[in-house]
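Colleague: Dock chain C against the given chain D, drawing on the hints supplied.
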Amino acid sequence: MSEALLVDGVHKSFGAVEVLRGVDLAVADHEVVCLIGASGSGKSTLLRCVNLLEPIDAGRIVVEGEEITARNVDVNRIRRRIGIVFQAYNLFPHMSVLKNVTLAPTLALRKGRAEAEEDASALLERFGLADKRNDYPDSLSGGQQQRVAIVRALAMQPQLMLLDEVTSALDPELVAEVLEVIRELAAGGMTMVIATHEMSFARDIANRVCFLDAGVILEQGPPEEILSRPKEARTQQFLERIIEAGRL
Amino acid sequence: MSGGDGRRSAAIAVISTVAVFTLLALAITHAPGWPEVRRTFFDWGQFKDSLPDIARAFLLNVKIFTIAEAFILVFALLLAVIRSLPGPAALPLRLLGIAYADFFRGVPTILVIAMLGFGAPALQLKGIPLSTTFWGIVALVLVYTAYVSEVYRAGIESVHPSQAAAARSLGLTHWQSLRTVVLPQAVRRVIPPLLNDFIGLQKDTALVGFLGSIEAFKQSQIDAAATFNYTSYVAAALLFVALTIPLARFTDWLVARDRRRRQAVGT
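Quick note, the sequences are listed as chains D and C, same order. For the first sequence, my numbering gives the first residue as 1, with consecutive numbering after it. For the second sequence, my numbering gives the first residue as 1, with consecutive numbering after it.
FYI, nobody ran anything at the bench for these hints, they're computed from the structure. For every residue, glycine included, the Cβ atom is placed at its ideal position computed from N, Cα and C. Fair warning: there could be bad hints in the mix.
Stated by the list, open to error - Stretch-level coverage of chain D by chain C, calculated; a stretch enters the list once three of its residues show a Cβ under 8 Å from a Cβ in chain C:
{"hint": "1", "segment": "101-107"}
{"hint": "2", "segment": "136-145"}
{"hint": "3", "segment": "169-180"}
{"hint": "4", "segment": "224-233"}
As the list claims (entries may be wrong) - In silico DMTMM-like links for lysine to aspartate or glutamate, alpha-carbon gap of 25 Å or less:
{"hint": "5", "chain 1": "D", "residue 1": "K231", "chain 2": "D", "residue 2": "E219"}
{"hint": "6", "chain 1": "D", "residue 1": "K99", "chain 2": "C", "residue 2": "D43"}
{"hint": "7", "chain 1": "D", "residue 1": "K99", "chain 2": "D", "residue 2": "D119"}
{"hint": "8", "chain 1": "D", "residue 1": "K99", "chain 2": "C", "residue 2": "D102"}
{"hint": "9", "chain 1": "D", "residue 1": "K231", "chain 2": "D", "residue 2": "E66"}
{"hint": "10", "chain 1": "D", "residue 1": "K111", "chain 2": "D", "residue 2": "D135"}
Extracted from the complex, chain D is given alone in its bound form:
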């Protein structure tokens, strides 16, 4: 079976702190994998490593059969195939919504402006943002900004999307509109790795849930199994805390 993503024995340290201590993960085409785990367990770092925003110390990462962590790979070419959406949106505040979305297709994919704008408009339309195309990010709600960030990543037609706690910075009433967008992407067959604290969402959308603890994937499986009948004591503790916080 061809794998969309293979993470093989990845280690990553920041100074003396080892954040990833040998992560192994295989993601099939069209699969949706949710990463859960406490803050600091390495979810975000893992996603940033897959996008080559952080160099890894050991191991390898393979995307669609190509080892992207090999020496002398063109990181810009790799990143065009992998979309990432951040917790804090990171939209470009000095550009309109349309310009945010068309920037990378025109520069990195060398699309013509008219074509890029046409594609961007279609995507914005699809996600209910057509009337915002000329607005600037600061004038949008958090939910709208995050949807624009997702559209911006999609405009590069990535083979793989990484979502890094994309609803964590949002007011509760704005979470649903963003999750709805992700649901639609999953329904469309997009391969995704999603770091999230939204357990009910993970249960709903994921083909597989991975529990990260202290830099390794401690336990993984179908969502109902991991979230309802976890085997590992650490997973049980984590989920109990989540239930106490009313997030499950």
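Modeller: Frame of chain D; chain C shown alone:
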């Protein structure tokens, strides 16, 4: 606040302002020695006589700072970009950038002007311009490039790393992300300090007069020497100030416009 309160505070502001300035004017004009001061610095006849020549000479100041500023804005940006280059291969470039900025920020401007303005023509090399104004401009560009590059660099560093990360994650190269995402935000943020250095440059054009170029300060010096009256200096000072004040208001307007635009709902 009600309309009545507003009118009342406006009235108080007007009365107190008029009172303070009247008192100041009376105090100054009745101070001992005022007639001498007025004759020496504020002689209307001298003012009218010297102003046309000084205004004409001031055009040279305008020419000097306009040409110099155009080069400074470009060179300083280049220097700032060089100093922010990543990677070990760029280390020698970064070191050269640091050495340049350290040297030209440390040396007094007048010294650089004298060194180039008197020294370069004295070399008597073929093809080297002899114009003192030319060398004055070169010296100002060298010195101000060092200052302004620091302003740009502060701007570049003030843009959160997540902006560059977002740009790079979309597949943009380092240069593309710098050009389209980091620099536009950095430059917008440093417009006020850039203007501050521009005003400094305008004033320092007077140093070129030291080389013999007849700019506003040199012209007013000539007038003062001929008449033993210093009103011509005041005339030159007024010309400089008349230029910087509108520029400061213009920058305020630019900054306010940018803020409005970023929060704008498109049409």
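Colleague: Take the hints in turn and mark each one as holding or not.
Modeller: Verification of the supplied hints:
no.: 1; hint: 101-107; verdict: holds (count 3)
no.: 2; hint: 136-145; verdict: holds (count 3)
no.: 3; hint: 169-180; verdict: violated (count 0)
no.: 4; hint: 224-233; verdict: violated (count 0)
no.: 5; hint: K231(D) - E219(D); verdict: holds, 8 Å
no.: 6; hint: K99(D) - D43(C); verdict: violated, 60 Å
no.: 7; hint: K99(D) - D119(D); verdict: holds, 12 Å
no.: 8; hint: K99(D) - D102(C); verdict: violated, 39 Å
no.: 9; hint: K231(D) - E66(D); verdict: violated, 34 Å
no.: 10; hint: K111(D) - D135(D); verdict: holds, 23 Å
The structure shown violates the earlier hints numbered 3, 4, 6, 8, 9.
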